[in-house]
Amino acid sequence: MNAVAVAPSTLAHPRLPRWAPLVVAVAALAVGALLGLILGWGPVAIVLLSGLLYVVALPAWSRVLEGRRAATDRLMTNLVWGAFAVVCVPLLWLLWNVVQKGAPHVTVHFLTTSMRGVFGSMEGGILHAIQGTVIVTLAATVIAVPIGLMTAIYLIEYGRGSRLAKVITFLVDVMTGIPSIVAGLFALSLLVLFFGPAFRAGIGGAIALALLMTPTVVRSAEEMLRLVPSDLREASFALGVPKWRTILKVVMPTAIGGIVTGVVLAISRVIGETAPLLVTAGYNDSMNGNLFSGRMTTLPVYIFNQYKTPGAVPLGAHAADPPGYARAWAAALVLIVIVMILNLIARIIGKIFAPKTGR
Amino acid sequence: MAKSIDVQDLDIFYGDFKAVEGVSMTIKAKSVTAFIGPSGCGKSTFLRSLNRMHEVIPGARVEGKVMVDGMSLYDPIVDPVEVRRRIGMVFQRPNPFPTMSIYENVLAGNRLNNKRMPKSEADDVVEKSLRGANLWNEVKDRLGKPGMGLSGGQQQRLCIARAIAVEPEVLLMDEPCSALDPISTAAVEDLIHDLKSSYTIVIVTHNMQQAARVSDDTGFFNLKAAGKPGHLVEFNPTKQMFTNPDSPDTEAYISGRFG
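Quick note, the sequences are listed as chains A and B, same order. Residue 358 is where the first sequence ends in numbering that gives the first Met the number 0, and the numbering goes up by one at each step. Residue 258 is where the second sequence ends in numbering that gives the first Met the number 0, and the numbering goes up by one at each step.
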């Protein structure tokens, strides 16, 4: 045997054909279905079994034909994809569930009326809850963003490495872990202190949500400001620009895309809070546009209330569920759509404001 | 309006660490002064102390005098922001502002300081600065495009245009060509020759040919030993420095027989 003949064989190894994963997948599904049907299992068990068979079978075939390294590669690839699928299942399931149960009830009437004077089998609406959610969340943002942003600017631009900065960072970390109901009770006791007991208004909810938002805003803004290269700050200083103006005109614009994204994500984090709003803003059937007086309903609280007091099943109707359940599912769908839109907006804003490279 | 700089017994510190010790020199107006020396000997630190950029680093401070126009830059009544407005700086790595267009980058010094100027005047400043930085012909058709879209050499010349747009009295350059190819380097060197007629220029370089080509005076910095502060070994006209230096250390460094 001469060297020329040996050389290619050390480089070239037998490979599984490109259609191998497909064949294994079909075979795994067939075997899974057969076993499942024989043993009388449901479709979920069959899919799980087939998935498991696939994860094991492809590397086994590969081990025989391709060798150990390729088999390990295929096994790991399968495991990673499997983990991805497992994560996606609950999310898709949840979305499917909410859409299936909520979508039929999301009508123009549902989106444009409140629950004022609604009883029995009358069709209610969520306009007052959407209004409340928008007002309370907006107010929380107005409180939390300036505080959070300025804290982040202090931490990165002024207090770097100082003891005060370390204490603030620690406190922000502690704040991140505050249970939302505690924030709600704090806001309630704050308002009760000023306005007497039994005071319920949207502003209390806004304060509670702002408490929950602030640490998220600080954290994300801090990360974004840290990413701004110090070269840019020095370039600005060297042009004779004062520090505060450098921060305002050079550092902030460079980081603004990430900061806005962080703020919107913080909003979508708190928009689904129920407990703190339940204790501070209360529940109400009518429209209320005044943040400072009167109870104010938000979507999560609305969902909670509809589920808690769903009303009676109308006489003579075949429906098994009371009307409140349908309203709760529909409101949940609307809430998810709002959060999704917010996330989309965050992405678009991040794209628009990202520094342009011109390439 | 170019100014000369008088440095007397300057010590420069990072916290407790003394980085540069006992530097005295006179930098002449409307001339090019180059600093050479091994890495870590304090050339850049010294340069940054000339427009109070050194103190941007936490814990950094200086002792001694830097006199411009008979006024000590480190006098407590002197505003560092005003000093930096008069003494501009170009950095080793090109650093145009990524959020701004070429046009806005050139005007950054004015705009960031909220100086209002009519559009025609702003256009004039941009054209004059870009012509001064030898960049006008390459970018005149795309002034609205982002500054980051230019090549490395063009970005560096854009930074020089930005620095001269505020019409400083002195221009400090910290290894402005170390990230550039020979062609861009030649463009920047030509530019330094042109700028000499109206500005005082101080340049730090690792390239001794460059120092010989562009400068009128040269200062050689060195370390006595690792961990010791850097000091000025010799400060002389460039011609003398490269033909007949006073110090044997300078000759050893220049001729490549260092250490």
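There's no promise every hint is true.
Once the Cα atoms are required to be at most 30 Å apart in a straight line, the calculated BS3-like pairs of lysine-lysine come out as [what the hints assert, rightly or not]: (1) A/242 with B/223; (2) A/242 with B/17; (3) B/144 with A/350; (4) A/242 with B/64; (5) B/238 with A/242; (6) B/17 with A/248; (7) B/118 with B/27; (8) A/248 with B/27.
Which bits of chain B does chain A cover? Going by a derived footprint, with three or more residues having C-beta under 8 Å, they are [to be verified]: (9) 51-57; (10) 64-75; (11) 154-168.
From the derived model, a few chain A residues whose C-beta atoms are all more than 12 Å from chain B [what the hints assert, rightly or not]: (12) 78; (13) 241; (14) 251; (15) 341.
Because the hints were derived from the structure by calculation, they are not lab data. We put the beta carbon where it would ideally sit given N, CA and C, even for glycine.
Original post:
Which numbered hints are broken by the structure, listed smallest first?
Top reply: 1, 5, 6, 7, 8, 10, 13, 14
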